[in-house]
Amino acid sequence: MATKAQDGTGEQDGPDRTAPTIQTVQRAALILGSFTVGKPHMSLNEITARLGASKATAHRYTKALRAANLLRYDERTSLYSLGPQVLTLATAARAGLPIVAAAEPYMEELVRRIDETIVLSVWDGESATVVRSVDNTDHMVRISVRVGSRLNLTASAQGRVFLAFLPPEQVPTLPRSVRKSAELTEELEAIRKHGLSVNSPTINGVRTVAAPIFEGDKISGTLAIVGTTATVPDDVQSPMAQALVETARALSQRLGTSEDAPNGG
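The opening position of the sequence shown corresponds to residue 131 in the working numbering, with each subsequent residue numbered one higher.
No lab work stands behind these hints: they were computed from the structure. Honestly, I wouldn't trust all of these hints.
Pairs of lysine to any residue residues, derived as SDA-like cross-links and limited to a Cα-Cα distance of at most 25 Å, are as follows [as the list claims (entries may be wrong)]:
1. 323 to 375
2. 169 to 208
3. 185 to 152
4. 348 to 187
5. 185 to 213
6. 348 to 167
7. 169 to 197
8. 323 to 244
9. 310 to 167
10. 348 to 236
11. 348 to 235
12. 310 to 283
13. 185 to 203
14. 193 to 159
15. 348 to 237
16. 169 to 323
17. 323 to 366
18. 169 to 181
19. 323 to 345
Okay, the calculated beta carbon distance ranges per label pair [stated by the list, open to error]:
20. 159 to 324: 37 to 43 Å
21. 279 to 380: 22 to 28 Å
22. 204 to 242: 44 to 50 Å
23. 367 to 316: 14 to 20 Å
24. 285 to 170: 17 to 23 Å
25. 279 to 182: 34 to 40 Å
No residue lacks a Cβ here, since even glycine has one placed at the ideal position from N, Cα and C.
Use the sequences and the hints to build the structure in full.
Structure (structure tokens):
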């Protein structure tokens, strides 16, 4: 049966031409997607099992992915891990998220208003990940937060905001013992009530205040103020905290959140 060529490319889009290419892409994606925070290293046998193919086939794929810097191989341990090119792709992917572009003017305005570093984070499936940080304050000493940083779920203000508003099934990595912690349960209830989480690690003198951002009735990110314990109050009713809440709500409404969403209006 004749196949139809794509306009201007000379390439055919019939099943005989596209099927092998699609399978190659799917297999490569399956390999890369098998690596997680909980399992950052895999052996060739594990990759072979994930593919459901022969070891020779798995080896060909790992060799090609290594050549593209998407995988790295440790000869000492005979284990594979994600390569440096994945970090470049992840950064580009985060930069292209709609929430990043939408949040930009709100973050800049909040920096001008309170003169503290403002951080935007999203949920990556396992933790809160920083996708944008604006630290152009007038302070002599600036606090910078690295884009791509993955934040502790229970120790960080932004992590706790996600725990407060995400459905439990979306946070499978959180130990049951932690979920049942009376202290954490009380903290999450307070976050839902005030729409804010405050964290002040004693080891570094940094204080973070975080608020949820919603799209519809689902949390899509967190907006946080990061400063020192001397410049950022720990009172959820402080003018600075309320400025954060107002900005997070305005951004949520910009993203299409109704007034009935949790802390969305």
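Okay, the hints, checked on the actual structure:
1. 323 to 375: holds (12 Å)
2. 169 to 208: holds (15 Å)
3. 185 to 152: holds (20 Å)
4. 348 to 187: violated (41 Å)
5. 185 to 213: holds (21 Å)
6. 348 to 167: Given that 25 Å is the threshold and the Cα spacing comes to 24 Å, the pair holds.
7. 169 to 197: At roughly 22 Å apart (the allowed maximum being 25 Å), residue 197 and residue 169 satisfy the hint.
8. 323 to 244: Within the cut-off at roughly 23 Å; holds.
9. 310 to 167: At roughly 23 Å apart (the allowed maximum being 25 Å), residue 167 and residue 310 satisfy the hint.
10. 348 to 236: holds (20 Å)
11. 348 to 235: Measuring from Cα to Cα gives roughly 22 Å; hence the hint holds.
12. 310 to 283: Roughly 15 Å separates the two Cα atoms, so the pair holds.
13. 185 to 203: holds (16 Å)
14. 193 to 159: holds (14 Å)
15. 348 to 237: holds (21 Å)
16. 169 to 323: Between residue 169 and residue 323 the Cα gap is close to 35 Å, so the pair fails against 25 Å, i.e. violated.
17. 323 to 366: Given pair residue 323, residue 366 holds - Cα atoms ~11 Å apart, limit 25 Å.
18. 169 to 181: holds (16 Å)
19. 323 to 345: holds (19 Å)
20. 159 to 324: 37 to 43 Å: holds (41 Å)
21. 279 to 380: 22 to 28 Å: holds (25 Å)
22. 204 to 242: 44 to 50 Å: holds (47 Å)
23. 367 to 316: 14 to 20 Å: Hint holds: Cβ distance 18 Å, inside 14 to 20 Å.
24. 285 to 170: 17 to 23 Å: Between residue 285 and residue 170, where Cβ atoms are some 20 Å apart, the hint holds.
25. 279 to 182: 34 to 40 Å: holds (35 Å)
In summary, the numbered hints that this structure violates are 4 and 16.
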